[in-house]
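**Q** Chain by chain, the residues:
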Amino acid sequence: MSQVNWNNYACRDYYDELMAAPGQPRASAGELCNMLARFSAEELAERKTAAEIAIRTMGITFTVYSEGAMIDRAWPFDIVPRIIPASEWRKTEAGLKQRVQALNLFIDDLYHDQKVIKDKVLPAEVLAQSVNFRPQCVGINPPHGVWAHVCGSDLVRDGEGTLYVLEDNLRIPSGVSYMLENRNVTKRVLPELFASGKILPVDDYVANLYDMLAAMSPRPGDEPQVVVLTPGIYNSAYFEHAYLAQQMGVELVQGSDLVVDDDDVVYMRTVEGRRRVDVIYRRVDDEFLDPEAFNPTSMLGVAGLMRAWRAGKVALANAPGAGVADDKVVYAFVPALIRYYLDQEPLLPNVPSYLCMFEDDRRYVLDHLDELVVKPANESGGYGMLIGPRSTKETREEFARLIKANPRNYMAQPTLALSTTPTLFDGLAQPRHVDLRPFILSGPEIHVTTGGLTRVALIEGSLVVNSSQGGGSKDTWIVETDDNAAAAAAKGA
Amino acid sequence: MLSRVAENLYWMARYIERAEDTARLLSVNSHLMLDLPGRLPLGWAPLIEMTGSREAFTARHADFDERSVVHFLCADTDNDISIISALASARENLRTTRDVVPREIWEEVNQLYLNVADHVENGVSPRRRDNFLKNVIRGCQTLTGLIEGTLSHGLARTFIELGRQLERADMTTRIVDVRSASLLPQNPEELLPFENLQWMSVLKSLTAYQMYRQQVRLRVRGPDVLRFLLQDPNLPRSIACSLETLGYELTLLPRQDRPAATVSLVRADVVDADIQALAHSPSKLHAFIDELQIGFAAIHATLSATYFVNDDAVPMATTPHQSQSQHHAGDNDND
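Chains V and Y are the protein sequences, given in the same order. Start counting the first sequence at 1; every next residue gets the next number (the UniProt record's numbering). Start counting the second sequence at 1; every next residue gets the next number (the UniProt record's numbering).
Keep in mind that the hints were calculated from the coordinates and are not lab data. Glycine is no exception: its CB is placed at the ideal position from the N, C-alpha and C atoms. A portion of the hints provided could be inaccurate.
Claimed, not checked - Label-pair ranges, simulated between beta-carbon atoms:
no., chain 1, residue 1, chain 2, residue 2, range
1, Y, Gly154, V, Ala50, 27 to 37 Å
2, Y, Ala301, V, Thr297, 29 to 39 Å
3, V, Ala50, Y, Glu55, 39 to 49 Å
4, Y, Asp80, V, Arg188, 22 to 32 Å
5, V, Asn7, Y, Glu92, 46 to 56 Å
6, Y, Gly154, V, Asp203, 24 to 34 Å
7, Y, Gly154, V, Arg188, 25 to 35 Å
8, Y, Glu92, V, Gly470, 47 to 57 Å
9, Y, Thr77, V, Pro349, 54 to 64 Å
10, V, Gly470, Y, Leu114, 25 to 35 Å
11, V, Lys393, Y, Asp80, 19 to 29 Å
To be verified - Far from chain Y, by Cβ distances over 10 Å, these chain V residues were calculated:
no., residue
12, Arg73
13, Gly159
14, Ser196
15, Glu251
16, Arg269
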């Protein structure tokens, strides 16, 4: 380990989250960067070890499925936080709320009158070929008209420093527990910096989640019985399911713990007998949720759950069918959807996208495969993608074939020069690419997490931040800079 | 508490107790083999009968020789009643429910399994066996102590206690059975000189020898030992004591009428048993033990029906075993 020297920090090629130029921290990061530079090599090593020990003793793990076995791995974490000034975050937050509001109106429309198609804002063929549109959900009215109660939107920053929305995860987004635990670890490791009170807290998430779920109860007035439904210990996000259930003080259930009776009410089996369940925060995919309605061989779901939901006897978050809006082709239409449903200009930009279903776009994509990132409409976790500049001729040819065979399933975006942020390797701070996943809760009110989960590609030059593919994470600080604090104080007075 | 969680805790405790008592069972037989003169044909086959695993054993082994039987009961991972399998099952049952008990309990179960897995292949050799079995017993006792000392009185603890006491009662009858009809020759005269020896082995394997001396204050005699192991209200491993604890734990639960009534019936059988008659007839003793084991199975059945299944009117929504690929379903936005 050696000492951090910001003058040697090579951040010229990309927008860096903390450093404006080598040796010049941004205003919001000054305090942190100065402190890290003051640390001796030993002290830096000590802090890094402290973080590793905290992660082990707190039992923060994620599960990977590898070579036929499940492995619990310690959560890969870097102690240098990523910092966003509060003034910028407030605008981002407003943009995310706007976006999710439009998406929920859109989903509700698709399962009712489909005005968006009649008014020719969304081509009918996009819906016709959507694999996540669930006919079983047509005509259902979930509480507050909300379908995507928990949304995780991925944000990236390009070379100019502009934040773009890269995708919206509306099915069962995960990662929020790591956001919360990253903060707990960082408080242990860098306590000095929290003393100033400029770092905004993140810990109201669990309370907001519980309040949102409780507000969905079909039996208002009674104390609602809320549960978290998990596929089980072998799921890669089981840690998070257990964590959220524990933090909310509700039961963590599996499909076999629940039963739907002839009265369409959902019960859980307890040692006291059967007990009515009002709200299910489900972390099981749509297709496995109910063998009566979807995949009949599913052993993870609850037979009759859709029946109970349709009858309004139980509330589900997220609503089945919400995934229709996180299709990567639908994504390209979100700015238009915001204008259509809210009559507002989008506050957050989309990454420019080419839809292979349109002939002009498709021709451009096929001609520029070596420059573009090509994504299938319905994959997640970074699978099934082509990253043009790093691809081989064979994979490009394969993708050209795939695109021609099923154009609706593919979209392409320019390869973004993702922003970097300092990450420690043997005491040296090196730039690594990052993204950001904030979580948005939609109930009677909309709440956005303060910041979100910052994921970092630990491999030099890599753009892949997924933990299953060599990614790690960092704490994310939304910091009031002195200007902001002064302005806020003046406003208050 | 969810029925599934209660059931997992109950089985975790049963498997831990089963591992410990299988170690005790092997230990008593090993000592008897050493103590009895060669002309008495005491074998290893009865251990297989006693653990109800004849079919599984004969599928893998031709002879009931010492090495095969000991390996089968300690180290065979394909045999689901072996010590290693019991510990693996305990661990799997706790894995999904570890959030309801202090973290150290999970770590201890995990450690116990890993330790035994490391040493079991060598541990079955005659020279190392005694030490290996003692280590298994000590590991299980450590865990029991940890639960006793750290887990709050509540539903989790009650279901753990129910599992442990029922398994202990069941396994203790099997250990006593070593002294019954299936093990020893029918001719009592031939046995007489060694009778004390045999009963002393049984006492020692249950860590009950000193307690017996303090309590009974007589030399070791069959009827007294049998009365002590079946009916003594104070010895923690006596059948009566286990059933007493079961009855008490049930009073802490809702809807306990049916299981409590079943426990009372079995307890009455034990308390009213004609010890003299049983002590003098190995075959009567064996029949009596069979009867008790049927009683224990009935207790389990009512516990299961009351607390674990408890939806007689409603068909099971899913089967308990889920395929690996489906576990993977969900959270596709994760990483």
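**Q** Against this structure, judge whether each hint is valid.
**A** A quick look at each hint next to the structure:
1. Roughly 34 Å separates the CB atoms of Gly154(Y) and Ala50(V), a value that falls within the hinted 27 to 37 Å.
2. Distance hint check for Ala301(Y) and Thr297(V): the Cβ-Cβ separation is about 30 Å, which falls inside the suggested range of 29 to 39 Å.
3. Under the hint 39 to 49 Å, the C-beta atoms of Ala50(V) and Glu55(Y), about 56 Å apart, miss the expected range.
4. Asp80(Y) and Arg188(V) have their C-beta atoms about 44 Å apart, which leaves the hinted 22 to 32 Å range violated.
5. As the Cβ distance of Asn7(V) to Glu92(Y) is approximately 55 Å, the hint placing it in 46 to 56 Å holds.
6. For Gly154(Y) and Asp203(V), the Cβ-Cβ distance of about 28 Å falls inside the hinted range of 24 to 34 Å, so the restraint holds.
7. Between Gly154(Y) and Arg188(V) the beta carbons are some 31 Å apart, a value that agrees with the proposed interval 25 to 35 Å.
8. Checked against the given bound of 47 to 57 Å, the beta carbons of Glu92(Y) and Gly470(V), roughly 30 Å apart, lie outside it.
9. Between Thr77(Y) and Pro349(V) the beta carbon distance is about 58 Å. The supplied range of 54 to 64 Å therefore holds.
10. For the pair Gly470(V) and Leu114(Y), the beta carbons lie near 29 Å from each other, so the given range of 25 to 35 Å is met.
11. Judged by the Cβ atoms, the range 19 to 29 Å given for Lys393(V) and Asp80(Y) is violated: they are separated by roughly 54 Å.
12. No beta-carbon of chain Y comes within 10 Å of the beta-carbon of Arg73(V); the shortest separation is about 12 Å.
13. For Gly159(V), the condition that its CB be more than 10 Å from all CB atoms of chain Y holds, with the nearest at approximately 25 Å.
14. No beta-carbon of chain Y is positioned within 10 Å of the beta-carbon of Ser196(V); the least distance is around 34 Å.
15. Residue placement check: Glu251(V) does not keep its beta carbon more than 10 Å from all beta carbons of chain Y (closest about 6 Å).
16. With a minimum CB-CB distance of about 4 Å to chain Y, Arg269(V) fails to clear the 10 Å threshold, and the non-interface call is violated.
Checked against the numbered hints given earlier, this structure breaks hints 3, 4, 8, 11, 15 and 16; the rest are met.
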